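Asks: Use the sequences and the hints to build the structure in full.
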Amino acid sequence: MPTTDPTTPAPDTADLAPALGREEATDPFALAGENFTSRLLLGTGGAPSLESLERAIRASGTQLVTVALRRVEASSSGAMLEVLERCGVRLLPNTAGCHTAREAVLTARLAREAFGTSWVKLEVIGDEHTLLPDGVELLDAAEQLVAEGFTVLAYTTDDPILGRRLADAGCAAVMPLGSPIGSGLGIRNPHNIALLRDAVSVPVVLDAGIGTASDAALAMELGCDAVLLASAVTRARDPERMALAMRQAVEAGRLAAGAGRIPRRWHAEASTPMQGLPDL
Amino acid sequence: MITVTVNGAPAELAEGSTVADLVAERSGGHDRVAVARNGDVVPRSTWPTTPLTAGDVVEVLAPTAGG
Chain Y
1 MPTTDPTTPA
11 PDTADLAPAL
21 GREEATDPFA
31 LAGENFTSRL
41 LLGTGGAPSL
51 ESLERAIRAS
61 GTQLVTVALR
71 RVEASSSGAM
81 LEVLERCGVR
91 LLPNTAGCHT
101 AREAVLTARL
111 AREAFGTSWV
121 KLEVIGDEHT
131 LLPDGVELLD
141 AAEQLVAEGF
151 TVLAYTTDDP
161 ILGRRLADAG
171 CAAVMPLGSP
181 IGSGLGIRNP
191 HNIALLRDAV
201 SVPVVLDAGI
211 GTASDAALAM
221 ELGCDAVLLA
231 SAVTRARDPE
241 RMALAMRQAV
251 EAGRLAAGAG
261 RIPRRWHAEA
271 STPMQGLPDL
Chain X
1 MITVTVNGAP
11 AELAEGSTVA
21 DLVAERSGGH
31 DRVAVARNGD
41 VVPRSTWPTT
51 PLTAGDVVEV
61 LAPTAGG
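So the protein lines, in turn, are chains Y and X. Here our numbering is used: the first residue of the first sequence is 1, the next is one more, and so on. Here our numbering is used: the first residue of the second sequence is 1, the next is one more, and so on.
If you're looking for bench data, these hints aren't it; they were derived computationally from the structure. Quick caveat, the model's predicted, so the values are computed rather than measured. A few of these clues could be false.
Label-pair restraints from in silico Cβ distances [to be verified]:
1. E25(X) x D238(Y): 17 to 25 Å
2. D27(Y) x P51(X): 23 to 31 Å
3. A256(Y) x P10(X): 56 to 64 Å
4. N7(X) x R237(Y): 30 to 38 Å
5. R188(Y) x E15(X): 54 to 62 Å
6. G28(X) x G116(Y): 17 to 25 Å
7. A256(Y) x G8(X): 20 to 28 Å
Backbone N, C-alpha and C define an ideal beta-carbon position, used for all residues, glycine too.
Replies: Shown next, in the form of structure tokens:
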């Protein structure tokens, strides 16, 4: 793909699919009253350079990217925001690094000040070793932020019951992990993701653990509405190429989910008819 | 002079310094800055009228990449 120049438009997969398929693969993704054509959300963390990040964003076709807040001395602020503005993507601040509801609520309020958006990827982690969500603090923070008018996208475990509680609390989306952040272990419990999908009426976004394109496709096949990933692209050997792979995987998974897979069988079932088999 | 804590380290500021003064000194030109003082957000509109007092704990934050 001739995508080395970051100023050229994002590579398009239109020529790879018939018109009908293309249309189905890009049916609008409604999130908190906004419509997106891309079902791939990209985290900006971990990219080796801003140039690499920009190429990956363009190749991914994403329209929504996560950002964070840190002490000003450690921030990459200005130049990164210029890149994101140039790419025309919407910003979704996160509360990464927060361990308590109090910290997460304050961080969301600060992010609203800094970024001018009330959308927040709510992340309340239980420990540094696993970075797994702390469900108790998470639900507490979600309830407070919803009451304050935030649009809360809750990063959560793959527990369908907690997912339902978050949706009931008014979260705009529930974002279960496939496996721990940055682990690249894929979707460890596909059954739970499918159960969670059925348990809530708000969008479900598979967030964290994606390692490669087939993981993203599986998330969509399980019924997720979108996929959020960062490391799988930004830390790939070739982030731009992986971003395109993820884009196509999400579209392929969406198509497959809509098309309806065949049932799994214990034994073979020939697709070539037995009728008219010659006696040789 | 008063002593406050800014981003985890002690800092000496002139008496009567406001949050706006501190941001001007610390932000390094970043325009999307957010400030927390003693665990609460200080809205941008009130930076010039919010004086800092001895012992305040202030965080001056700016956007960065994140997942």
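Asks: Indicate, hint by hint, whether the structure satisfies it.
Replies: Consistency of the hints with the structure:
1. E25(X) x D238(Y): 17 to 25 Å: Distance hint for E25(X), D238(Y) is violated at roughly 42 Å.
2. D27(Y) x P51(X): 23 to 31 Å: About 54 Å separates the Cβ atoms of D27(Y) and P51(X), which means 23 to 31 Å is violated.
3. A256(Y) x P10(X): 56 to 64 Å: Check passed, 58 Å falls within 56 to 64 Å.
4. N7(X) x R237(Y): 30 to 38 Å: Given range 30 to 38 Å: holds, Cβ gap about 35 Å.
5. R188(Y) x E15(X): 54 to 62 Å: holds (57 Å)
6. G28(X) x G116(Y): 17 to 25 Å: Given a distance of about 20 Å, which is inside 17 to 25 Å, the answer is holds.
7. A256(Y) x G8(X): 20 to 28 Å: The hint (20 to 28 Å, Cβ to Cβ) is violated, given that A256(Y) and G8(X) are roughly 49 Å apart.
The structure fails to meet hints 1, 2 and 7 from the earlier list, while all remaining hints are met.
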